[in-house]
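So the sequences go chain by chain: Y and F. All the letters of the first sequence, read from the start, carry residue numbers 1144 to 1308 under this note's numbering. All the letters of the second sequence, read from the start, carry residue numbers 4 to 124 under this note's numbering.
Because the hints were derived from the structure by calculation, they are not lab data. Any given hint could turn out to be false.
Unchecked claim - The list that follows gives simulated cross-link-like pairs (lysine-lysine, PhoX-like), each with its CA atoms no further than 25 Å apart:
#, chain 1, residue 1, chain 2, residue 2
1, F, K5, Y, K1241
2, F, K6, Y, K1241
3, Y, K1147, Y, K1300
4, F, K30, F, K6
5, Y, K1197, Y, K1148
6, F, K5, Y, K1303
7, Y, K1300, F, K6
8, Y, K1241, Y, K1303
9, F, K5, Y, K1300
10, Y, K1303, F, K106
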Amino acid sequence: MKTKKVAVYGLLIALAFIFSYIDSLVPMPFAVPGMKLGLANLVVITALYTMGPKQAFVLSIVRIILVGFTFRDPSTLAFSIAGGLLSWMLMSIFRHIKLFSMTGVSIIGGVAHNLGQILVAMVYLESGYVIFYFPALLVSGVITGTLIGLLGMLVVKRLKNAIKD
Amino acid sequence: MKKNDLILIGILLALGIIMLVIINAAKSEGSRVLITVDGREEAILELDEDIVYVIEGDNGERNVLEIKDGHADMTEANCPDKLCVKHRDIHYDNETIICLPNKVVIRIIDGEDSGLDAVVY
Chain Y
1144 MKTKKVAVYG LLIALAFIFS YIDSLVPMPF AVPGMKLGLA NLVVITALYT
1194 MGPKQAFVLS IVRIILVGFT FRDPSTLAFS IAGGLLSWML MSIFRHIKLF
1244 SMTGVSIIGG VAHNLGQILV AMVYLESGYV IFYFPALLVS GVITGTLIGL
1294 LGMLVVKRLK NAIKD
Chain F
4 MKKNDLILIG ILLALGIIML VIINAAKSEG SRVLITVDGR EEAILELDED
54 IVYVIEGDNG ERNVLEIKDG HADMTEANCP DKLCVKHRDI HYDNETIICL
104 PNKVVIRIID GEDSGLDAVV Y
């Protein structure tokens, strides 16, 4: 059982890592900082629904640190961690209260990720004007969050038994 | 998908679009460009004077700002993501180009409306 857990973690982290790379390759129609497909969130939300909040947290943080030191500048780690934490926290809460299905939770996760990044950017740059990026990120977050949520439902349906220990 | 999901999508999309519309409606042409590095004011340039301005940071950060035909655009940067270079040129009041890795913020200021912050009779 323990060996399986280690294997599943390794597999999911590797997957999240590769998805982050693909995220950085996919061009978005507007060059708004932080706008991305959010494929990496597919792995986090799948973990949240099959394994639980604690496991999703570990996965999310390990992914962010790995990605921060490889595909991105380590100086952007603070933004990613803020976004990742807020996203994980809200997704865990909304999954627990069952107000929304996985799609709704995924949307909340995507939007929260952007919001967390913007809040840190406002402090870091000492400029409140960064908030003007939020409306565009909100709209894109809803669209990509919906796609990731629908995809996640299909994934969870097929993987539930394989991942559960 | 639940009904609640659709409501959430509707509310968030409406919120985002309303905010975008308000920001767009409040747009007015700016007249000057404020450059800040790490929260410090680096320079203020006139938008109607064509210039190529090089912004250099303490640790080798380098950004090149070009003002041409009343538009400000980041043409070069040595940051890793180059999002600031990909950003379209700006000229409306309060529009910004941000280079996060180099902590550079370019903002258009002194729009027609804010020109009235001191009226004396």
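For each hint, the structure was consulted:
The hinted pair formed by K5/F and K1241/Y meets the criterion: a straight-line CA distance of about 10 Å does not exceed 25 Å. For the suggested pair K6/F and K1241/Y, the alpha carbons sit about 12 Å apart, so the restraint of at most 25 Å is met. A hinted pair counts as satisfied when its Cα atoms are at most 25 Å apart, and K1147/Y with K1300/Y qualifies at roughly 19 Å. The hinted pair formed by K30/F and K6/F fails the criterion: a straight-line CA distance of about 36 Å is larger than 25 Å.
For a cut-off of 25 Å, the pair hint linking K1197/Y to K1148/Y stands: about 13 Å separates their Cα positions. The hinted pair formed by K5/F and K1303/Y meets the criterion: a straight-line CA distance of about 20 Å does not exceed 25 Å. The suggested pairing of K1300/Y with K6/F holds, with an alpha-carbon distance near 20 Å, which does not exceed 25 Å. As the CA atoms of K1241/Y and K1303/Y are separated by approximately 18 Å, the hinted pair is consistent with the 25 Å bound.
The straight-line distance between the Cα atoms of K5/F and K1300/Y is roughly 16 Å, inside the 25 Å bound, and the hint therefore holds. Pair hint K1303/Y plus K106/F does not hold up; C-alpha atoms about 44 Å apart against a cutoff of 25 Å.
Of the hints listed earlier, those the structure fails to meet are numbers 4 and 10, in rising order.
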